[in-house]
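J.: In the working numbering, the protein residues as written are 102 to 404.
Derived by calculation from the structure, the hints in this document are not laboratory data. All values derive from a computational prediction rather than experimental measurement. Watch out, some of these pointers could steer you wrong.
Here are the simulated lysine to any residue pairs, SDA-like style, with alpha carbons at most 25 Å apart [to be verified]:
1. Lys290 with Lys215
2. Lys287 with Ala223
3. Lys290 with Asp360
4. Lys215 with Pro103
5. Lys386 with Gly324
6. Lys215 with Glu139
7. Lys287 with Asp374
8. Lys290 with Gly324
What follows is a set of in silico ranges between Cβ atoms, one per label pair, in the way DEER data are often shown [claimed, not checked]:
9. Leu301 with Pro114: 32 to 40 Å
10. Asp233 with Trp399: 26 to 34 Å
11. Asp304 with Asp259: 17 to 25 Å
12. Arg344 with Arg132: 31 to 39 Å
13. Leu301 with Arg387: 17 to 25 Å
A virtual CB, placed ideally from N, CA and C, is assigned to each residue, including glycine.
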Amino acid sequence: MPYFEALLDVEVPEDGRFAEIAAGWLSQAARLAPGSWELLRRQRLPLSDAFYTDSGASIGPPNGRWGSYRVTSRSRPGDIRSRPYSPEAHDQTLGELGGRPLDVTFKVIELDAKGVAVADGAHGLFLHVTSDEDEPGWVQLRAVSLLRGEEGDLRRPDVAARWCGVLLDTARSVDPSFGHLADDGKQGKTALDRALRRGLLSDSVRQGRSLLRGYSWVTVCPGELVERLGGVGRLEDSGAFARVVPLPGGGAWLQATDDYGAYDEAAVERVFDVLSLVLPPGMPKRLPFDRRTPRLVWRPAAD
102 MPYFEALLDV
112 EVPEDGRFAE
122 IAAGWLSQAA
132 RLAPGSWELL
142 RRQRLPLSDA
152 FYTDSGASIG
162 PPNGRWGSYR
172 VTSRSRPGDI
182 RSRPYSPEAH
192 DQTLGELGGR
202 PLDVTFKVIE
212 LDAKGVAVAD
222 GAHGLFLHVT
232 SDEDEPGWVQ
242 LRAVSLLRGE
252 EGDLRRPDVA
262 ARWCGVLLDT
272 ARSVDPSFGH
282 LADDGKQGKT
292 ALDRALRRGL
302 LSDSVRQGRS
312 LLRGYSWVTV
322 CPGELVERLG
332 GVGRLEDSGA
342 FARVVPLPGG
352 GAWLQATDDY
362 GAYDEAAVER
372 VFDVLSLVLP
382 PGMPKRLPFD
392 RRTPRLVWRP
402 AAD
C-alpha cells in the first residue's frame, strides 16, 4: 500500500495563532490531492455521517469520495464530534479551533463502484492537527497519503511538487522544531524514534531543538541545529543535499535528491553522515513487525 506523510512540529502558545495555523493546514486538501478534492467538492448526494467506514455499507456516490471531520475536545477528551464533509461543516470545524481542541482530523476517503469505502477506508488523504495533552503549546501537523493511482505516487514530479510546496510554505510561516516528508513515519513518530525506542512521542517532540528527530528524503532542521551543523552554507557545500532552503527562523529545508525515486541507500548514507552530529545517540534496531523498511543507517550516530 503506498504511504507517505508530511509532518511539522510547531510551538504555538497563543490560541489565536493556533487557530490560524490549524485552519491553514486543514484547508490543504485541495493542493495535496486536487483530483480527490474535486470529486468530494462536486458530489451532490448526502454523505453518511459516520466517521468510521468499516461497515461495508454505501456511504457516498459510486467511485466518488467521502469526507469527514472529527474534533476531540481538550477540556472533555471523551467529547468527540464528527460530521460529514460539506462547505458548512468545514466552516463549522474551523470555527471550533479557537477552543484549541486536542485533535482535529479531516479525511477524504476513496469509494468503490458501490459507494463503499475502499479497503474499509484505508485509502485516502488524512489531515491531522494534534496538540500535546500536557503541554498544549506543542502542536503537530500531519498530512498522510494512502491514495491509490497517480495522486498517491510520490515519484511523480507533480505529486512531489505539490507536497513539497505545502510543507515548505507552512514551514516558512511557523518556525518548526522538526519536519519531514517521508515514507517510513508512523502516527507522528519518525523511523528513528521507533528504531531507537525513544519512548513517548511527546518526549521526542519536546527535544526537537536539541536533537534532530530523524532524517528523510526531506528533513526540516531547526535553526538551533543548523547552527551546530555549521550553518546553511556548510550544509549546501556538504554534497548530501540537492536542495537547501533557508527558513526565516534560521532553520533549513534539506531535500536529499531532486526526485523522490532517487532517494536510495547511498543518498540515505550521505544525509546521515552530515546530520549525525545532531541525531539522538543509541544503536537503531529493526522492529520485527514493521511492514515498511525504515530508510535508516544501522549504526549509532556517535560513530
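J.: Of all the hints given earlier, name the ones this structure violates by number, lowest first.
T.: 1, 5, 9, 11, 12
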